[in-house]
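Visitor: Residues in the sequence shown are numbered from 0 upward in steps of one, following numbering that gives the first Met the number 0.
Think of the hints as simulated: they come from the structure by calculation, not from any bench. It should be emphasised that the depicted structure is a prediction, and the values quoted were computed from it without experimental measurement. Take the hints with a grain of salt, since some may be wrong.
Subject to a maximum C-alpha distance of 20 Å in a straight line, what follows is the list of computed PhoX-like cross-link-like pairs (lysine-lysine) [what the hints assert, rightly or not]:
#1 K289 - K345
#2 K155 - K289
#3 K139 - K128
#4 K254 - K289
#5 K279 - K289
Derived DEER-like restraints, expressed as beta-carbon distance ranges [stated by the list, open to error]:
#6 L369 - K148: 50 to 58 Å
#7 K148 - M343: 25 to 33 Å
#8 L335 - V116: 19 to 27 Å
#9 K345 - D153: 21 to 29 Å
#10 R138 - W173: 24 to 32 Å
The beta carbon of each residue, even a glycine, is placed where N, CA and C say it ideally should be.
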Amino acid sequence: MNLLDRHIFKSVLGTCAGAIALFAFVLMLGNALRDLLTPLLAGQLGAGIVAQLLFMLPLTVAPFALPMGMLTGVLLTLGRLSADSEIVAMRAAGISLARVARPIFILGALGCAACLVTNFYAFPVAKVKYERELADALRKNPLSFIVPKTFIRDFKGCVVYVGEKQGAVLRDIWIWELDDQRRVKRFVHAESGRLDFDEATNSLVPTFTLAKIEERNPENPEDFSKAPRLASIEKAEEVRISLARYFGREGSKVKPEWLTYAQLQAERARLAAQVPPPGKTADAARDRMKLELVIQDKYNLALAAFSFALVAVPLGIRVSRRETSANLGLALVLVLGYYFLTVMIKWLDRHPEYRPDLLLWVPNLLFLALGIWLFRRIEK
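With these hints in hand, go ahead and build the complete structure from the sequences.
Guide: Written out as structure tokens, the structure reads:
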């Protein structure tokens, strides 16, 4: 039996490792395209720093890749064993399904422990380091965000176009300031100007020469029944181009999801000891609930590695297919269902009276119940 356990354990472990690597690669690719591709092509990041940042990305996607990889790996392995009649041979020898699945349960428990370490320590450390090193690399050359003859839409609240750039000196400058609904509320055109970087506010400060400014109705910028207010200024410094997208996610602005276990516990104690001012009790309760949701979500993602493995055992045997695409499709459907339920529950973060921190355990409990029910069906 030890030989059989080793055979199943090694088969499932190898397939799970491959599936985790596949999902991690897909998630890393999305993050790399979003954060690194544009700065790399624009010359804002060198190949060396990009390679260093890519090296950190696996740990930033591991909390999501590990549970999905466990589910897919078990489905693929048991589907193949069942299709080759190896499961039938084991059952004919008097080996129960629970006994066959024992090494998979051990692997699921190890995956659960690995997820706990990743969620509460490895991921926060890697994510904070990734964000800070990306921001530091971009801060060394902030003027590189301005690319001549290109409509730049990466800045929050504005669109920028520059006809010519010579160091910090710009020519033919066009800036459209946008409101929350992406409507133009102010338009600036200048023959020339220069850009300076303000580290205190993480923003580019343009100084215009021979500028024309058009201001529209702030309440309804698209109401053209009234003429906009126009102004011609020989020299002006009125617009700030925020780089918060790149620099505003560090220090005190670290998201709760990026905190380690010790930091989360310290923040929980701080919020619990905080006495809200009059009229702010509801806001304080929402802040505590948002932090509690982060903590419970990390625990749930770790448990998902085991609950996914539990469901995958009877499903893999029942499907009995060697085809990778069929088993991979089934795994994706299950994962999407799990994350859909989780996201729906997180939407209740502004209603702590519904206890979304406890409801967050419902998807895992459903998967565990489904796995037990499928086990009993197959045993019969």
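Visitor: For every hint, state whether the structure bears it out.
Guide: Going through the hints against the structure:
1. K289 - K345: Roughly 9 Å between the alpha carbons, so the hint for K289 and K345 holds.
2. K155 - K289: 25 Å, violated
3. K139 - K128: Holds: K139 and K128 sit about 17 Å apart, inside 20 Å.
4. K254 - K289: It holds: about 11 Å lies between the C-alpha atoms, which stays within 20 Å.
5. K279 - K289: Judged against 20 Å, a Cα distance of about 16 Å means the pair holds.
6. L369 - K148: 50 to 58 Å: For K148 against L369, whose Cβ atoms are near 57 Å apart, the range 50 to 58 Å holds.
7. K148 - M343: 25 to 33 Å: 45 Å, violated
8. L335 - V116: 19 to 27 Å: 26 Å, holds
9. K345 - D153: 21 to 29 Å: Since K345 and D153 have Cβ atoms about 27 Å apart, the given range 21 to 29 Å holds.
10. R138 - W173: 24 to 32 Å: 25 Å, holds
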